[in-house]
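Visitor: All chains should be built: construct the whole structure from the sequences, respecting the hints.
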Amino acid sequence: MSKVFIIAWWEYITKVRTKAFLISIVLMPIIIVGFSILPTILAEKADVRQKFIGVIDQTNWVFNELKDKLEREFKLPDGRSNYVLFEIKFVNEYQSLSQLKEIANREVVEGKIEGYLIIPKNFGEDTLTFQYVGQNVGNIRDIERFKSILQEIVIGANLERYGVGKDKVEQIVKSVKYTTVKISKKGEEEKADFVGIFFSSYIFIFALMILVMTGGQMLIRSVVEEKSNRVIEVLLSSCTANQLMAGKIIGLGLVGLTQMLIWGLVAFYFLSGYAITLINFEILLISLIYFILGYLFYSAVFVAIGAPVNSEYEAQQVAGYVSLIMVFPIAFAFLIMQNPDSPLIKILSFVPVFTAPFMVARIPIKMPAMWEIIATMFLLLLSVIGMIWVSGRIFRVAILSYGKFPSLKEIISWVKTK
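The numbers in full-length UniProt numbering rise by one with no breaks, and the one at position 55 of the sequence shown is 55.
Some clues are possibly wrong.
Straight-line Cα separation of at most 30 Å, DSSO-like style, residue types lysine-lysine; simulated pairs [said to hold, decoys possible]:
| id | residue 1 | residue 2 |
| --- | --- | --- |
| 1 | Lys19 | Lys3 |
| 2 | Lys101 | Lys75 |
| 3 | Lys69 | Lys147 |
| 4 | Lys3 | Lys416 |
| 5 | Lys89 | Lys75 |
| 6 | Lys121 | Lys67 |
| 7 | Lys346 | Lys366 |
| 8 | Lys89 | Lys51 |
| 9 | Lys19 | Lys75 |
| 10 | Lys101 | Lys67 |
| 11 | Lys69 | Lys112 |
| 12 | Lys67 | Lys89 |
| 13 | Lys69 | Lys121 |
| 14 | Lys112 | Lys147 |
| 15 | Lys75 | Lys112 |
| 16 | Lys101 | Lys51 |
| 17 | Lys121 | Lys101 |
| 18 | Lys89 | Lys101 |
| 19 | Lys89 | Lys147 |
Since the hints were derived computationally from the structure, they do not count as laboratory data.
Guide: Below you can see the structure in the form of structure tokens.
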């Protein structure tokens, strides 16, 4: 056991002293925060100018109210209206809609207006469909704002038609707001919101994904480097293949955990009081168990698949394929959020490859039944033991094999070899 710890310490200390480790400590959070915040900043920056919108109002009554509501409700930081509306009118009774659209289209192309709305003659009666025409129809926020205001106008007009006064209409069409309260398994009420649940649910998935991807890649590259330099043969003269494998898994796992700890402390400092309100120690403890078991399982998978590689190119390919497994749970993120007890999610939770990420995602949203937690933990523990046994069999032969990547038949024979 002492040899395992010596190897683990060596792997740990040599990696944390490298410039690459120090750069990743600083660079990775910047990249993550950048990808999280930059789109919002850019979206806000894109909205600091007035947008000129034309309106072809065939009803002869919608335009004035639409203009008033849009210009009053949506303001820029400097106090100006976000939208400036003007009506594109028919010159005479002989002018057709297609002729008017040609004029409006030309103004869009020349950049005089962002786009224009077409309000049909029977809008609010026989139809509730309006049309937005512009060069950019991907700006969902603007279109949703137009839709929301037009919906208010139609509801208000219908209420007035049924004898409801204007002073009452604004009260009736006001938006409903809500708060959420979560009930724990013990029947206790807990304040909860989407951001808090999402953060606590997926922080472990992302942490596990980063730890597995970085640790796994380092593990494979370490083996490739030692094989190419023939250092592996010297190491095996002083320890067994299983001791070497265990030492590498533990050492590189500690490297990843060091990164997680530093990032976690920095995040905790900046989130301060909000972070404390998110912590549920029961959830934290259970998630940590899945986290550790998940890391050991994926590390064993990396060892089994990565030990036979002989070049950096092969190492990158293998690491990429295994890392795709970790991306799979992210695809189910919103399905887990909306329905953590769905049959599909429950079934996938019992597939060892997905057990750890799926369970740490489900637990903060809605605590699964205790039998399910115990069963999945036991299954994952057995899978870890089995995968480490298989990896050890492959590792002891693969680390001394050179040349082309072995076939599946050869790898199976290595596992069967006593």
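Visitor: If you check each hint against the structure, which ones fail?
Guide: 9
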